[in-house]
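4 protein chains.
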Amino acid sequence: MYEHTTTVRVRYAETDRMDVVYYGNYAMYFEIGRVEAIRNLGVSYKDIEDMGFILPVVELNIKYLRPAKYDDLITIKSQIKTLPTDHKIIFDQEVYNEAGKLLTIGQVKLYFMDASMNNKIEMPAHMKEKLSVYFS
Amino acid sequence: MYEHTTTVRVRYAETDRMDVVYYGNYAMYFEIGRVEAIRNLGVSYKDIEDMGFILPVVELNIKYLRPAKYDDLITIKSQIKTLPTDHKIIFDQEVYNEAGKLLTIGQVKLYFMDASMNNKIEMPAHMKEKLSVYFS
Amino acid sequence: MYEHTTTVRVRYAETDRMDVVYYGNYAMYFEIGRVEAIRNLGVSYKDIEDMGFILPVVELNIKYLRPAKYDDLITIKSQIKTLPTDHKIIFDQEVYNEAGKLLTIGQVKLYFMDASMNNKIEMPAHMKEKLSVYFS
Amino acid sequence: MYEHTTTVRVRYAETDRMDVVYYGNYAMYFEIGRVEAIRNLGVSYKDIEDMGFILPVVELNIKYLRPAKYDDLITIKSQIKTLPTDHKIIFDQEVYNEAGKLLTIGQVKLYFMDASMNNKIEMPAHMKEKLSVYFS
Chain U
1 MYEHTTTVRV RYAETDRMDV VYYGNYAMYF EIGRVEAIRN LGVSYKDIED MGFILPVVEL
61 NIKYLRPAKY DDLITIKSQI KTLPTDHKII FDQEVYNEAG KLLTIGQVKL YFMDASMNNK
121 IEMPAHMKEK LSVYFS
Chain P
1 MYEHTTTVRV RYAETDRMDV VYYGNYAMYF EIGRVEAIRN LGVSYKDIED MGFILPVVEL
61 NIKYLRPAKY DDLITIKSQI KTLPTDHKII FDQEVYNEAG KLLTIGQVKL YFMDASMNNK
121 IEMPAHMKEK LSVYFS
Chain L
1 MYEHTTTVRV RYAETDRMDV VYYGNYAMYF EIGRVEAIRN LGVSYKDIED MGFILPVVEL
61 NIKYLRPAKY DDLITIKSQI KTLPTDHKII FDQEVYNEAG KLLTIGQVKL YFMDASMNNK
121 IEMPAHMKEK LSVYFS
Chain R
1 MYEHTTTVRV RYAETDRMDV VYYGNYAMYF EIGRVEAIRN LGVSYKDIED MGFILPVVEL
61 NIKYLRPAKY DDLITIKSQI KTLPTDHKII FDQEVYNEAG KLLTIGQVKL YFMDASMNNK
121 IEMPAHMKEK LSVYFS
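Residue numbers (this note's numbering), protein chains in the order written: chain U, 1 to 136; chain P, 1 to 136; chain L, 1 to 136; chain R, 1 to 136.
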């Protein structure tokens, strides 16, 4: 399994009139978690796109347990539990507040595709090499 | 079953560098669909909040089939398939483009709560009355 | 002078914990106003981009008089007071609430450029033709 | 003069189909700069709100020189050039990319108000004490 955590501070713009983070913004938090998890492997997601690959999200599932609040320093945990063997990659993601309370649980499924979005492909070799280390 | 559709035009701000709508923005489209579906019943969601109730989202599930693009006039379909009998309400939601192609399928579960977010409650009587008509 | 108005409803996602529209979102409202003002001329901004032109914003000035609130049906007024004779176009923009109260005044300056963002150009002939009618 | 700088990484959600940061998002970057500048004084903006004060933005002026791009680690510089003596405070703000290129220049004027937004007030004593040190 590969796991990475990163922290971000909740912005004013991300709150809503219920005085909590707007529910749609967790997709963005999850994305930040994935991007930093990939960067931590030694590849940047931007590089992957620059090489002509994209990773569109095909499925997003979120359970909201407790709200994040303005100015909270939240921790985003991202896990890849299975080494991809085809065009699919699944991230299990969680958000915690500073008190260590679990706020949100999610799962995001993405496809590796060429930039034209016409063809599913396998995980780029460069990324697979880096990720495989965690599954041996 | 209660069903309502509404249309919105995709904004520049909602696109990303992949030249499609950012995946996190569908949560917002779904919210617009729910809000207009409730308004069509003769209650506004704002009124519900003004009466001291809130409907936090507790679960969000989305499948992305095709991307929405800039300036598309998209149709958001919102269905309530079961009349709530306790604190839960479930919306089945779909997004279509102008060509009638299904872009996104989602399901959103919300709780009726008092505004303090401390207590789950049943659907406010005023809203239940309006909604029940569709389930007789 | 050319003037166009359009209305949009304030979304939950656009509010912040101060229970008003987040100040950064007026840039998006102004953009909607400009896009609909251009569409009303008989050209879509999307078409302009598809023809290889872009209109990056180079200056934005906003005065906030009163806040917009959740679910308000706001009116965005967009004015072009001077027919562009070079690469610059200026929109004067205002936002009003349903009671007709002026909420926000802004001015946005954009450049006509080719899509590579390397060269300033004059207003595309197709758009100039449509706009000139209002300045004769 | 008081000056503070902070860095943030450009998120995918903040880009648009022009492959640059959407112009409206700089208001959010500026807000992050102000919030961190205030935190660096030893007061958090959240604390200010919790004490019953708010700082609504009343004026925003931005000049866009160069675009920020996806995944850029941008630097936000925030300056208070004049110690507030009444209800107004002005931040001069700039955004730089990693190459040190100036991308955006802005000025933001805010009012100190009580939380009801009914009365302009002077800068809270606690904050004034911290800020005054930089103007002696």
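Errors might be hidden in some of the hints.
In this list, chains with the same sequence are indistinguishable; a pair is considered to hold if it fits within one copy or across any two.
Unchecked claim - Distance condition first, Cα-Cα at most 27 Å in a straight line; then the derived DSSO-like pairs of lysine-lysine:
#1 K128 with K101
#2 K69 with K81
#3 K109 with K46
#4 K101 with K120
#5 K130 with K101
#6 K109 with K130
Treat the hints as calculated values from the structure; they're not laboratory data.
Now the hints, each set against the structure:
1. In this assembly of identical chains, K128 and K101 lie within 27 Å of each other by CA distance neither inside one copy nor across copies; the values are 33 Å within and 34 Å between.
2. Taking the shortest Cα distances, K69 and K81 never come within 27 Å of each other, neither inside one copy (29 Å) nor across copies (31 Å).
3. With identical chains, the CA atoms of K109 and K46 are at most 27 Å apart within one copy only, with a shortest distance of 19 Å there and 31 Å across copies.
4. In this assembly of identical chains, the alpha carbons of K101 and K120 lie at most 27 Å apart only when taken from different copies (21 Å versus 38 Å within one copy).
5. With identical chains, the CA atoms of K130 and K101 are never at most 27 Å apart, being 31 Å at best within one copy and 33 Å at best between copies.
6. Within a single copy, K109 and K130 get their C-alpha atoms as close as 20 Å, which meets the 27 Å cut-off; across copies the closest is 38 Å, which misses it.
Hint violations for this structure: numbers 1, 2 and 5, all remaining hints satisfied.
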